[in-house]
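Chains as they are written, first to last, in the numbering used here: chain A, 1 to 256; chain B, 1 to 115.
Some hints could be false.
Some, not all, of what chain B presents toward chain A, calculated at C-beta under 7 Å [stated by the list, open to error]: (1) Gly38; (2) Leu67; (3) Thr108.
It should be emphasised that the hints constitute simulated quantities derived from the structure, not laboratory data.
Owing to the predicted nature of the structure, the values given are computational and were not obtained by experimental measurement.
Each residue gets a CB set at the ideal place from its N, CA and C atoms; glycine is no exception.
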Amino acid sequence: MCDTCGCTLTPGNAHLVRAAPTTIPVLENLLRANNDQAAHNRVHFEAHGVLTLNFMSSPGAGKTLLLEATIAALKHEFRFLVIEGDLETENDAARIRRHGVPAIQITTGSACHLDAHLVHRALHQVDLRDVDVVLIENVGNLVCPASFDLGQHHHVALLSTTEGDDKPAKYPVLFRAADVVLLTKTDLLPVLDDFDAARAELYLRALASEAPLLALSAKRNLGLEAWFDWLRARHAAVQDRRRKFRPLPATHRVLD
Amino acid sequence: MHELSICHSLLDRACTVASEHSAQRILAITVRIGPLSGVEPQLLAQAFPMASAGTAAEAASLVIETLPVRLLCEKCGAESEALPNRLLCARCGDHRTRITSGDELLMTSVKLETA
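Just chain B, same shape as in the assembly (with noise of 0.2 Å):
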């Protein structure tokens, strides 16, 4: 269960931005979860109210934004939506694709009440 430890880094990196704006408090974090991240976005919702308390975030809610996996074909070109364990070109069916989403692990936004 490693989304303890993302989500303390979240927190870590939301707190930073809040006091960076002089924010007392932040009211929501944005999060965008990819399939292919390794992270299980309703383990890391599970996971935030814990490694929240007693932090600025507190009462922040945790949206989680989740995007298909999406592959570029480098051989037809073709751009096809995939399984995570399925990652041939939909098209083609070859394997040298590039993933154009499903894979970010990343803070959008924070959004903070300022005084």
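Next comes chain A alone, as it looks inside the complex (with noise of 0.2 Å):
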């Protein structure tokens, strides 16, 4: 083409001279969004002193049963809310709700994971003036749920003994992710002769986690009182913190 006067353009080729393609480096998470949205729960939970854990397991790895056993046991110790992921029904929330303590339900539909916007809004719907512990039970599944910051303060991941003893290896960024590892149905552990508790923490710690592996049966309420003691002293750090650093009222606030 004509260098002077561009005699040669014709409407096919005017774009490679008009549009020169400009590369804007960005440098940013994928999950942007979803991560504000997360840190904006979590500082809703830290002004109000509230404990938050965000449950993870494959379905059907007793969630829902050691949630129903905690309350049981600690109703009277802290006041919890419980937020149930599911694709459909109410079921769980509905078992939660026989305990005496509320439940909001989240039904995703078809997708696979809870995230922020969506406990957000669940969060609408309480006063956490009235809460001191929420339990937040995702969808059962051990892929998606991992790459989805809630704004909680711990995962809680869940690994029970009908499932191969080398799930951590199989699932590495979602038990990576776990600050305790809870092995349930160990009740069951005699007839399953093929799991085997010391493979399972060895799988575990290969993933360079130093998390908690804790051994119980909300079925048959054994070694439950270890997990107690975990969520206590999770609880009374958030405590602590709450009297060390005291938010700024409303007025001095310069980001809201």
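Two chains, two separate frames, one set of hints: put the complex together.
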């Protein structure tokens, strides 16, 4: 083409001259919108001194039963709120409500995980001043929930003895993120001769995880005290931070 | 399959960058995804045409860079490559390691057609 006047420009090739591609460096997390919302949720929890735990496991590992046992034992110590994530049905929330504890059911439809926006919307239905501990039961799934920060303080991962003891090796992203791993349904260990709890721990340690591994059975009330103590200690830590770092009164806030 | 929702969030940001630069079309989006990010690059690539239909990135290509998992041992100081499910120091076997690459989930750049 003529460099002086562009005399060979046609509608077909004009874009080659006019539209020079520009590459804009961005460098930001793909989940920024979710992470921003999670940070916002976390500020709410911290400001109210509320401990929030996110429970993750495969379907059927015993999350709901563990929540029921925890509530039954500790409901006079803490005011609980439960957020239930399921693809469909209110069944799990109904089980929790039978214990006299408020439960909000989030039905995700086809979505395989909870995200920070869904949790935020659920929180708008309650007054956090009436709550000490929020238990979020994520959708039963060992893959997707690990990628979405909800604003929780800690991740709790459940591994049931009816699953393979190599689950931590198969799902490293989720088990690496766990702050505590609960080995559930230990009452079945005598009849499950292919599940080796020591091997499960080796696979977990191979992920460079120092998370405590607590063995329990919510159904037979075995080993629950160590789990309750862990929860109590985490709640005390949130309360302690709140005493030390009081949020500024609303009138002094710059960002909101 | 959370890759579709991650794709939506990726496109949302890329389209914002495009409109900030008054660009009509996005030519390419480059992302960096580590094996420990929890996102499967192949599924993200499959979800992309579905999610981008009707957006400024409709004709864009998605460039996915993957980095190996690398660790820095806090005990012996060695840097080593690792498997996603074996994050121990390759030299001394200690578990006190820090991940230096392999857990990223980043949009690194957007290539735009600017008029």
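Cross-check of the supplied hints:
With a cut of 7 Å, the hint placing Gly38/B at the interface with chain A holds, because the nearest CB-to-CB distance is about 4 Å. At a threshold of 7 Å, the smallest CB-CB gap from Leu67/B to chain A is about 14 Å, leaving the interface hint violated. Restraint check, Thr108/B versus chain A: the minimum CB separation of about 6 Å is within 7 Å; hint holds.
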